Amino acid sequence: MKTLIKILRSVYTKLSKFQVFCLGFLGITIVSAWIFNLDNNLTEKIYHNLIYSKFRWVWDLCISWLPFPVLYLWLFVLLACCLILIYRLRNHQLSYTNLIINVLCLILFHYCWFYWTWGFNYHREPLGIRWQLYSEISESEFIESLKQQSLLVDSLRIADSSVLDYPDFNAFKMESEIRSLVNDFLKSYDFLSFSRIRCRNLSPPGFLLVWSTSGVYLPFCGESQIDAGLSVYSKPFTMAHELSHGMGWTHEGDCNLIAYLACRVSGNPYIRYAAELNYWRYLLNAASRNYPEIYKQMIFEANTKVKHDLLMIHEANNRYPEFLPHVRDWFYEWYLKQNGIQTGQKSYAEIIPMVINYDKKRRTIYQ
Numbered sequence: 025m026k027t028l029i030k031i032l033r034s035v036y037t038k039l040s041k042f043q044v045f046c047l048g049f050l051g052i053t054i055v056s057a058w059i060f061n062l063d064n065n066l067t068e069k070i071y072h073n074l075i076y077s078k079f080r081w082v083w084d085l086c087i088s089w090l091p092f093p094v095l096y097l098w099l100f101v102l103l104a105c106c107l108i109l110i111y112r113l114r115n116h117q118l119s120y121t122n123l124i125i126n127v128l129c130l131i132l133f134h135y136c137w138f139y140w141t142w143g144f145n146y147h148r149e150p151l152g153i154r155w156q157l158y159s160e161i162s163e164s165e166f167i168e169s170l171k172q173q174s175l176l177v178d179s180l181r182i183a184d185s186s187v188l189d190y191p192d193f194n195a196f197k198m199e200s201e202i203r204s205l206v207n208d209f210l211k212s213y214d215f216l217s218f219s220r221i222r223c224r225n226l227s228p229p230g231f232l233l234v235w236s237t238s239g240v241y242l243p244f245c246g247e248s249q250i251d252a253g254l255s256v257y258s259k260p261f262t263m264a265h266e267l268s269h270g271m272g273w274t275h276e277g278d279c280n281l282i283a284y285l286a287c288r289v290s291g292n293p294y295i296r297y298a299a300e301l302n303y304w305r306y307l308l309n310a311a312s313r314n315y316p317e318i319y320k321q322m323i324f325e326a327n328t329k330v331k332h333d334l335l336m337i338h339e340a341n342n343r344y345p346e347f348l349p350h351v352r353d354w355f356y357e358w359y360l361k362q363n364g365i366q367t368g369q370k371s372y373a374e375i376i377p378m379v380i381n382y383d384k385k386r387r388t389i390y391q
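Every letter in the sequence shown is one number past the one before it in our numbering, and letter 239, counting from 1, is 263.
There may be inaccurate statements among the hints.
[To be verified] Each computed PhoX-like pair below joins lysine-lysine, with the alpha-carbon atoms no more than 25 Å apart:
1. K211 <-> K197
2. K171 <-> K385
3. K69 <-> K361
Hint data in this document are derived by calculation from the structure and do not stem from the laboratory.
Here the structure is a predicted model, which is why all the values come from computation and not from measurement.
The whole structure should be built from the sequences, with the hints applied where relevant.
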């Protein structure tokens, strides 16, 4: 025992203050993760309502006014840290061992920062479970929903063609409008909302799309981002989805549901159409796998302008060559499952039974 203490003391004296801080931070994070994993309600009360809400308020107050995405600043700081370490190594101020230790500590710091500034929200109870929206839907319910959605998308496109032929996407104005819609939806169900959270239109175009990603919420930056290269018919829905992440919702199906339900009641025909069109795309994707004949029928019967909009989305999403798509898919699938989302990337498509069951429950209430 004395020998072990002596070794630990020897190691401790050789560590820098930053390294000691990172190790302590990691220990606290691991213990906290274990505690939060025991009880969803504890996570809701202690982490989400107390810690995350306060962090969100302070962070948004400090960075929401910046004219550029915090992502650029974060990448600059990371690059600066790497250059400093390389400089110190080349000038023999740092050994290879210490270089490795410092890099590992930088990774550990980001790991802990990720969970304390957002990631512990994964231990909250998903919206689909709270509202009991995961009930299995029948084949007839799905087909009926697909047909009704096809008619709705067509009618919206025809009714507002003058606006929707060339939608005016003003990033700052759209961000403000969609943030209000998401906040209003969450407040209507007594969930926390955040009025200053940002969602940036990230340039250059393709910055995220090369990773098969249309939008992202990065806790390291505390902001949501969407790719500037997205089609204008995708941007409002994607922005609402990423803002939902920033407001503390982690499950992809939940964020799709919040984005859709918030945007479909918008008085702005562009936002409403984009929400209905993107939900319809999920229905079409499911139909193409399970009911190919019905899928072909829906596409054939769709309004010409709706078909054009679908093509615009497809072309924008495939305009930039993907970088290591298989690695990205493997990592993201692993990441989601490690954080408790056992359906992995399939969780995005869970919007379908969730919306159908949500609307069914609403009809039951008002009958």
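We went through each hint and held it up to the structure:
1. For the proposed pair K211 and K197, the alpha carbon gap of about 21 Å is at most 25 Å, so the pair holds.
2. Between K171 and K385 the CA atoms are separated by roughly 20 Å; this keeps the pair inside 25 Å, and the hint holds.
3. For the hint linking K69 to K361, the alpha-carbon distance of about 24 Å falls within 25 Å, and the restraint holds.
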